[in-house]
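Trainee: Use the sequences and the hints to build the structure in full.
So the protein sequences, as listed, match chains A, B and C.
Using the numbering used here, read the first sequence as starting at 1 and increasing by one per residue.
Using the numbering used here, read the second sequence as starting at 143 and increasing by one per residue.
Using the numbering used here, read the third sequence as starting at 315 and increasing by one per residue.
For the record, the hints were derived by calculation from the structure and aren't laboratory data.
A couple of the hints might just be wrong.
What the hints assert, rightly or not - As a list, the in silico BS3-like pairs of lysine-lysine whose alpha-carbon atoms are at most 25 Å apart:
id, chain 1, residue 1, chain 2, residue 2
1, C, K820, A, K87
2, C, K520, C, K343
3, C, K696, B, K168
4, C, K520, B, K294
5, B, K188, A, K65
6, B, K294, B, K180
7, B, K168, A, K87
8, B, K204, B, K310
As the structure is a computational prediction, the values presented were derived from the model and not from experiment.
What follows is the residue order along each chain.
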Amino acid sequence: MIALLLAVALGVPQGQPLSGSALDQRTQEVASLLRCPVCQGMSVADSPSTVAQDMKHQVRDMLGKGYTQEQILAFFEQSYGQFVLEKPRNPWVWVLPIVILIIGAIVVVTTAKKLTRDPGPGTRDVVTDPYVEQVRKLVNHD
Amino acid sequence: MNRTVLIVGAAIAIALLAVLFLGLGKDPTAIETPLIGKPAPQFALKAVNGSETIDIARLRGKPVVVNFWATWCVPCYQEHPVLVENAPAMPNVQFVGVVFNDSADKINAFLRQNGSSYPTVLDEQGKTAIEYGVGGVPETFFINPKGVIVAKYVGPMTPDILQANVAKAMVQ
Amino acid sequence: MTATLGRFLILASVFVSAAGAMVAFAAGKSQSLDGLKMARRFAYAFAALMAIATGVMEYALLTHDFSVGYVAQVGSRSVPTWVTIVSLWSSLEGSILFWGLVMGLYIAGATWLTRGQYVDYMPFAIGTWLSCAAFFAFLIPGPANPFVSVPNPPLDGNGPNPLLQNHYLMVIHPPFLYLGYVGMTIPFGFACAALLRGRLGHAFLKPLRASLMLPWIFLTIAIMLGGWWAYEVLGWGGYWAWDPVENASLLPWLTATAALHSAVVMERRGVLKGWTVTLVQASFLLTILGTFMTRSGVFNSVHSFTQSSIGPTILVFLAAVLLYSIVLLALRVDSLESEGRIDSPVSREGMFLVNNLIFVLLTFTVLIGTVFPLVVEAFRGKQMSVGRPYFDSMVVPVGTALLFLIGVGPALPWGRTTKQQALRSLLQPLASGLVVATIGFVLGARNPWTLVTLLFGGYAAWVTIVEMSRGGAKVMKRGRRRVGAYIVHAGAVIVLVAIAVSSTMKTQTEAQLTRGQSATIGAYTVTFLGTEERNEPNRQATIARFAVTSNGKPVTTMEPRMNQYPQMREPIGTPDVHSTITRDLYLSIMNIDPSTQSVSVMMLITPMVSWIWIAVMIMGLGGVVALVPYRKRVVNEAPLTDVAAEVA
Numbered sequence: 001m002i003a004l005l006l007a008v009a010l011g012v013p014q015g016q017p018l019s020g021s022a023l024d025q026r027t028q029e030v031a032s033l034l035r036c037p038v039c040q041g042m043s044v045a046d047s048p049s050t051v052a053q054d055m056k057h058q059v060r061d062m063l064g065k066g067y068t069q070e071q072i073l074a075f076f077e078q079s080y081g082q083f084v085l086e087k088p089r090n091p092w093v094w095v096l097p098i099v100i101l102i103i104g105a106i107v108v109v110t111t112a113k114k115l116t117r118d119p120g121p122g123t124r125d126v127v128t129d130p131y132v133e134q135v136r137k138l139v140n141h142d
Numbered sequence: 143m144n145r146t147v148l149i150v151g152a153a154i155a156i157a158l159l160a161v162l163f164l165g166l167g168k169d170p171t172a173i174e175t176p177l178i179g180k181p182a183p184q185f186a187l188k189a190v191n192g193s194e195t196i197d198i199a200r201l202r203g204k205p206v207v208v209n210f211w212a213t214w215c216v217p218c219y220q221e222h223p224v225l226v227e228n229a230p231a232m233p234n235v236q237f238v239g240v241v242f243n244d245s246a247d248k249i250n251a252f253l254r255q256n257g258s259s260y261p262t263v264l265d266e267q268g269k270t271a272i273e274y275g276v277g278g279v280p281e282t283f284f285i286n287p288k289g290v291i292v293a294k295y296v297g298p299m300t301p302d303i304l305q306a307n308v309a310k311a312m313v314q
Numbered sequence: 315m316t317a318t319l320g321r322f323l324i325l326a327s328v329f330v331s332a333a334g335a336m337v338a339f340a341a342g343k344s345q346s347l348d349g350l351k352m353a354r355r356f357a358y359a360f361a362a363l364m365a366i367a368t369g370v371m372e373y374a375l376l377t378h379d380f381s382v383g384y385v386a387q388v389g390s391r392s393v394p395t396w397v398t399i400v401s402l403w404s405s406l407e408g409s410i411l412f413w414g415l416v417m418g419l420y421i422a423g424a425t426w427l428t429r430g431q432y433v434d435y436m437p438f439a440i441g442t443w444l445s446c447a448a449f450f451a452f453l454i455p456g457p458a459n460p461f462v463s464v465p466n467p468p469l470d471g472n473g474p475n476p477l478l479q480n481h482y483l484m485v486i487h488p489p490f491l492y493l494g495y496v497g498m499t500i501p502f503g504f505a506c507a508a509l510l511r512g513r514l515g516h517a518f519l520k521p522l523r524a525s526l527m528l529p530w531i532f533l534t535i536a537i538m539l540g541g542w543w544a545y546e547v548l549g550w551g552g553y554w555a556w557d558p559v560e561n562a563s564l565l566p567w568l569t570a571t572a573a574l575h576s577a578v579v580m581e582r583r584g585v586l587k588g589w590t591v592t593l594v595q596a597s598f599l600l601t602i603l604g605t606f607m608t609r610s611g612v613f614n615s616v617h618s619f620t621q622s623s624i625g626p627t628i629l630v631f632l633a634a635v636l637l638y639s640i641v642l643l644a645l646r647v648d649s650l651e652s653e654g655r656i657d658s659p660v661s662r663e664g665m666f667l668v669n670n671l672i673f674v675l676l677t678f679t680v681l682i683g684t685v686f687p688l689v690v691e692a693f694r695g696k697q698m699s700v701g702r703p704y705f706d707s708m709v710v711p712v713g714t715a716l717l718f719l720i721g722v723g724p725a726l727p728w729g730r731t732t733k734q735q736a737l738r739s740l741l742q743p744l745a746s747g748l749v750v751a752t753i754g755f756v757l758g759a760r761n762p763w764t765l766v767t768l769l770f771g772g773y774a775a776w777v778t779i780v781e782m783s784r785g786g787a788k789v790m791k792r793g794r795r796r797v798g799a800y801i802v803h804a805g806a807v808i809v810l811v812a813i814a815v816s817s818t819m820k821t822q823t824e825a826q827l828t829r830g831q832s833a834t835i836g837a838y839t840v841t842f843l844g845t846e847e848r849n850e851p852n853r854q855a856t857i858a859r860f861a862v863t864s865n866g867k868p869v870t871t872m873e874p875r876m877n878q879y880p881q882m883r884e885p886i887g888t889p890d891v892h893s894t895i896t897r898d899l900y901l902s903i904m905n906i907d908p909s910t911q912s913v914s915v916m917m918l919i920t921p922m923v924s925w926i927w928i929a930v931m932i933m934g935l936g937g938v939v940a941l942v943p944y945r946k947r948v949v950n951e952a953p954l955t956d957v958a959a960e961v962a
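Mentor: So, in structure tokens, the structure goes:
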């Protein structure tokens, strides 16, 4: 009966049914992608609360019937909303750090170039004094 | 005056402060349900004190109040009289109690002690609760005659809240 | 009476810090030595008032004086004495008082240690410190008053939050965190002083760096203690969940570490002054943001017992210090003239820039991930989550790059080198990396990322040891800062490798057992001996006893438990952990039923996880070594270093 209802809700299972230790492992993996709706910030895999345990059972059942990870996550998202997905769907949150990396890399390269070229205001021209150059070499290799 | 610093700094500061300010006053633990306006998930469960099966699909045509609860939940105990007393007063509204993570014996004992005026079903392993996106108990759903969820209330029911939400479910 | 005395002391401290700040800034503007002397007296007075107020509160707690609001809130006659003492920081009002105490001690210490020196900077520094102090002192009688008088004192109280009574680690984690967080105020003051003064001279680098290093040490250990506590107490078997409050403690650590590194380049070459100052300011600002995140109730967190109505006030302070910092920076950063240059980007100096890039990237990534759900909810009204899988995917590659850099950075020589020289320096440690990776492979590591981590780790370990031992025995006298830094690096390498191994090579399984039944995990056999109920004065415990054997030989008994505290509806589980140097065996109860003597237990074997705690302590130790000052006579022994540095 439940299977019929699930099929109505979700469609046909699109993967292979799992069993044994593969089932255990995949249950853990998929459950860790679901957020426990009552605990503060724990995944369904980690939470001991009754709701989480029920959800974990459900995941196990569905994996056993051959539903894929995508189908299972979609099922929970239908009932609980995007809140229940630990991995955000929104592309911006994934893209922004990469944008910052690129900007940062550009800044670093330009700064390195600038610092190599630029003696800066207010310095004495120390590079021409051989004694100081020698001292500096000594210091820099300590 | 270093313009870059000013602009970058101001941009980050304003964005951050705005986001934090808007977050104040919101309760991060109150999760909204995506089911409002969607068809109520189907279930057909056995009544706890009898042998009839309550199939929500067959309840179309009248508004339905689905109340999720459990015997170990204190606010459920507090709201139970509200539901039991008001159900007979609304004869064209169907009330259904759904209990999960509990045992039939405990539920029957509870109902014997505290009264019952509408069917109560047992949701083994909480599968129906999951379909309804239930996080805890008590949670109550209000469904219109077409089978669409129009409202959800989290927490112990009061007569006013009950009236208001049933009214919503009456509107076609 | 006690409550009134406490309130008076707090009010006095608000006036003293506010007045002291004004005196200090005025003294700075007019460059008045007398003004500076007076400002210093105000600083000491603030510290004294905070110390006495805290003493009064502890006295009230220990004598169970329930006429004092905070004591009525968290005090109890039935908790052990150690719990009473530490309940000072168990709840908001007391912990803000504790914050004020730590701030007072830091300000007094920094004022004392800089007496007679840097007189053109100090008024501005003291002014900044006392302004921050004034805010926190104001928080106490305002939204967070622990000294409220209770008109009808109860006979007994509820005791502090049960989560705090579960474990001894709760005693030291908050103080270390406060010593780290609050300590960032001091370098912030120095940084602002340099900006206000319009100059960051070479001599002033010393107090700036030292005052950054000390809270860094505390914060490093505090973060580790938080992770260790989560591991030992929360029961899910991990030590870091990227929870918003965990992230709050990490953010200032990231920028402070970046600042410590850019300060090295600043000292050697006189460049990156503005940038270092920015990082120092950011570290302080992030502690205020962190406080807001922890206490405002805006974020969904495991730490949520610290929520309160103090959020808006902290937000106002954050806005104020943001404004102060940005305006100061925009106006004055260009006047921190750059006195030098670097020779080549492919050099150790260049690697420091890459280091900063990595740390700043990490800071932004963690910040974005934490704040993103709020942004989406503000704009779209929809709720979404950014959970552990996101942070792990983002941070792990960057962390691996960092490990790579810990090896490659110090392998490159300072200044200009030839391509040949550079290549030779870079290839030498490779053998060590390959050896470590092979050992790992032999011991069972198969995950490619783990093997890469071991390769980088071995490489970095070699470089670190070589650099540390440069200079021979005399190095402890003259090169302490450098040795200390490399000790920190050694610790960091071990931490990163241990994190990789403990995450990828763990074994986890669940078992449903009735009394007498056993389950195996790895080399261990775990037999359920039965349940036991224990009545303790502040809680009731249901314990599941297990006998653990390995290859037939008994190893230990383990007792994970569920604790029921009178004021909480659901019991709180505590796992039991058997730690050895190579691995931990971790048992956590999912379900327990004494009536049927059955238990559902989660079992976990995590290799190398103890190395994480130990290695972070090594990092802290390295910081201490780096911080211990040179004795005066050593300066005479090595004048060249100072002179050359001045000249460079």
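Trainee: For each hint, tell me whether it holds in the structure or not.
Mentor: The hints, checked one at a time:
For a cut-off of 25 Å, the pair hint linking K820 of chain C to K87 of chain A stands: about 22 Å separates their Cα positions. A distance of roughly 23 Å separates the Cα atoms of K520 of chain C and K343 of chain C; the hinted pair therefore holds under the 25 Å criterion. Distance hint between K696 of chain C and K168 of chain B is fulfilled; the C-alpha atoms sit about 12 Å from each other, no more than 25 Å. Of the pairs offered as hints, the one joining K520 of chain C and K294 of chain B is violated, with about 62 Å between alpha carbons and a cut-off of 25 Å exceeded.
Under the criterion of a C-alpha separation no larger than 25 Å, the hint pairing K188 of chain B with K65 of chain A is consistent with the structure, at around 24 Å. Distance restraint check for K294 of chain B and K180 of chain B: the Cα-Cα separation of roughly 12 Å lies within the 25 Å cut-off, and the hinted pair is therefore satisfied. A threshold of 25 Å between alpha carbons decides the hint, and for K168 of chain B with K87 of chain A the separation of about 23 Å falls inside it, so the pair holds. The straight-line distance between the Cα atoms of K204 of chain B and K310 of chain B is roughly 13 Å, inside the 25 Å bound, and the hint therefore holds.
This entry does not satisfy hint 4, going by the numbered hints stated previously; all others are met.
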